[in-house]
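J.: Chain B: place on chain A using the hints.
Residue numbers (this note's numbering), protein chains in the order written: chain A, 202 to 338; chain B, 202 to 338.
It should be emphasised that the hints constitute simulated quantities derived from the structure, not laboratory data.
The list makes no distinction among identical chains, and a pair is therefore deemed to hold if it is satisfied within one copy or across any two copies.
The list that follows gives simulated cross-link-like pairs (lysine-lysine, DSS-like), each with its CA atoms no further than 30 Å apart:
#1 Lys210 - Lys267
#2 Lys223 - Lys210
#3 Lys210 - Lys261
#4 Lys327 - Lys212
#5 Lys223 - Lys276
Protein chains: 2
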Amino acid sequence: MARFIRNKKAKGTAAENELVHKFWENNWVCVRVAGSGSTQFPAPDLLASRGDRRIMMEVKIVNSHKKYFSEQEIKDLEYFSERFGAESWVGICFEGRQWFFLPTAELQKTSAGQSFVADLVEMKRKGFGFEEMIALI
Amino acid sequence: MARFIRNKKAKGTAAENELVHKFWENNWVCVRVAGSGSTQFPAPDLLASRGDRRIMMEVKIVNSHKKYFSEQEIKDLEYFSERFGAESWVGICFEGRQWFFLPTAELQKTSAGQSFVADLVEMKRKGFGFEEMIALI
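Chain A extracted, bound-state conformation (with noise of 0.2 Å):
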């Protein structure tokens, strides 16, 4: 089990990473939140700039078709950029390393109600790639 948290934890570190060299060769700026996930105040993963616009981000990687987010890690997320000016987005590396993009007002709300998904095929459908969400206006 510990193993297994810890390479996760790699894993997800290593996506954040990976995302953080793609926004300054974007010519944005961009910094991975220490601690995020772990300290007692809401935090995005990563926070983004390019003066005009600023992103807020919750990174995932899963290895399946699905990721589910909670009401609350939503809602954390959303204050958290209301009270920076910026915008709120999910970035999530699905199997086969296929990564999409999506403004956290666009994500789905479970048959339940209770969370939010983001499924493959409805990201392939409506999700931004890399490029498409960094040259919105």
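T.: Chain B in isolation, oriented as in the chain A frame:
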């Protein structure tokens, strides 16, 4: 040496966490940056916002009356802040737990002109306390 560095790092993290708490207590949002000072990309130690203001900060804890900053360190902070639409500040905790804050634009150059210096006497005169800093408009 390893122990010295670990202790110094732990003290730095504790000082940063103290400020994170202060910002949240005052209805700002704030995060610590992961790996600031050790990543290949320039990054401040703290990012904070209350919507209309954003502050990016280098946080230092010193056991003396002076703290030096290299020109590059300040340039990097100012570049990052400008790309984020934020103010750039330094926050220094001098011996005796005296905190002072200053916008980087108000830092003094050293007499040799190669770096910047914040000294306790000067900071007592023109530095800001935490509450003063966050009350600025």
